[in-house]
Amino acid sequence: MMFERTASIGRLGLVIVRDWGKSGQLLFRILFRLPKPFRGFPALLQQIFAEGVLSLSIIVVSGLFIGMVLALQGHHTLAKFGASMELGPLVALSVLRELGPVVTAILFAGRAGSALTAEIGLMKATAQLSSMEMMAVDPIQRIISPRLWGGFVSLPLLTLIFNVTAIYGAWLVGVQWLGFDPGTFWSNMQSSVEFRLDVVNGIIKSVVFGFVVTLIAVHQGYFSESTSSGIANATTRTVVYSSLAVLGLDFVLTAMMIGGW
Amino acid sequence: MLSQRTIEIGVGLFLLTAFAALLILAFRVSGLTSFFDTKTYQVTAAFDDIGQLKIRSAVKIDGVNVGEVSSIHLDTTTFKAIVTMNINQKMNQIPDDSSAAILTAGLLGDNYIALTPMYSQTFLENGSEITDTHSAMILEKLIGQFIFNINKAAHPSSDQKSVTSH
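In the order they appear, the protein sequences are chains A and B. If you're matching positions, the first sequence starts at 1 in our numbering and goes up one per residue. If you're matching positions, the second sequence starts at 1 in our numbering and goes up one per residue.
Hints in this document: simulated from the structure, not taken from any laboratory. Treat each hint with caution, since some may be false.
Unchecked claim - Rough simulated footprint, nothing fancy, chain B against chain A, three-plus residues with beta-carbon under 8 Å:
no., region
1, 14-24
2, 163-172
3, 194-202
4, 214-228
As the list claims (entries may be wrong) - To give a feel for the contact side, a few chain B residues facing chain A, derived at Cβ under 10 Å:
no., residue
5, Leu2
6, Thr6
7, Gly10
8, Val11
9, Leu15
10, Thr17
11, Ala20
12, Leu22
13, Ser30
14, Leu32
15, Ile55
16, Ala58
17, Met91
18, Pro95
19, Asp110
20, Ala114
Built from N, CA and C at the ideal position, the CB exists for glycine as well.
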């Protein structure tokens with residue numbers, strides 16, 4: 001009884017370590033088998049299109065609404081202290097530093113990550129990957145690598161667009177609806193937002209998130225069980241793991257950035 | 001399946017939009033102006049108390065920004081705070097007998113250095129020192145002094161001299 005418990009814990013540990021190892025191996029193989037410079041380029045573009053351009057609508061709409069809600073809530077609280085003119089900095093800093101990278105990454109995991117996993121998982125289940133290998137086409141180079149790089153490129157760009165739409169959403173509510181002075185809104189924002197510390201650090205975060213989310217998605221797809229429930233589980237795990245990884249890494253990165261590395 | 005051309009156009013537009021977003025974040029949101037280094041010269045001033053003055057605090061003349069604080073350190077022999085500021089090269093005709101005061105923007109706002117030009121015909125240049133300085137007004141000190149004076153006024157018999165000395 002006692003031994004069985006211990007054994008099950010050990011087994012769990014082994015499974016986790018093996019998963020990490022497989023993920024590392026996959027990453028290693030992807031990094032050393034980049035898409036071919038010219039022939040691989042169309043495939044990369046297709047992936048940026050599928051993961052980035054097609055995610056634009058959800059990113060823009062949620063950015064707009066998050067900015068608008070932040071402006072309303074911020075106004076509601078700041079007005080109690082007579083500090084409504086700090087609305088611009090409040091929205092800009094919270095979006096640039098935290099909400100932009102994190103929300104975009106989680107939405108991206110739901111919109112593009114799950115699709116990646118399902119696509120690769122189904123390719124594996126229908127033996128498309130192994131038949132590629134039979135034809136001496138490397139599935140990692142041909143299928144997995146463009147998907148990873150596509151996500152890696154797309155997420156930071158989506159984050160930039162999210163940031164701008166959220167700030168203009170706040171402008172819409174603050175200036176157009178609640179009637180703040182646009183000059184105060186922008187100039188207070190400019191005096192408290194710093195390019196290197198706020199904007200660039202947010203982009204660094206989103207680069208890390210883009211890498212982690214797509215790696216998880218690709219890993220889950222590539223190592224999924226070749227059954228319909230296996231693909232379903234893999235897709236679920238992609239969204240759960242990448243959301244958790246994004247939130248956890250966000251804390252670590254923020255601590256590092258605030259601590260000045 | 002979309003044609004490769006549509007995809008290329010879509011990705012191109014996506015990249016352009018993201019680049020435009022970066023530009024907006026840089027210039028509209030964070031007010032990045034030091035992208036191209038503006039030419040500055042350095043001037044120092046010694047203060048008794050700099051309050052909440054920080055590096056990158058503004059240096060103003062009549063409320064107009066002319067530069068920023070670049071470093072603050074303590075002189076170990078005189079125990080005065082030595083503030084170095086970068087002043088825009090365009091402002092090269094500030095009289096060298098001008099005074100520097102640390103003021104606060106609003107009641108609770110940031111501290112900044114206000115330069116008050118005087119009438120000397122020689123100008124501040126790289127490495128010059130502003131000798132006429134006024135320390136930051138610390139609200140707590142003022143309140144302390146005020147309460148002290150009220151107490152003195154309430155009991156004038158105890159020590160008349162110290163009241164008049166304040």
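Violated constraints from the hint list, given by number and in increasing order: 1, 4, 15, 17, 18, 20
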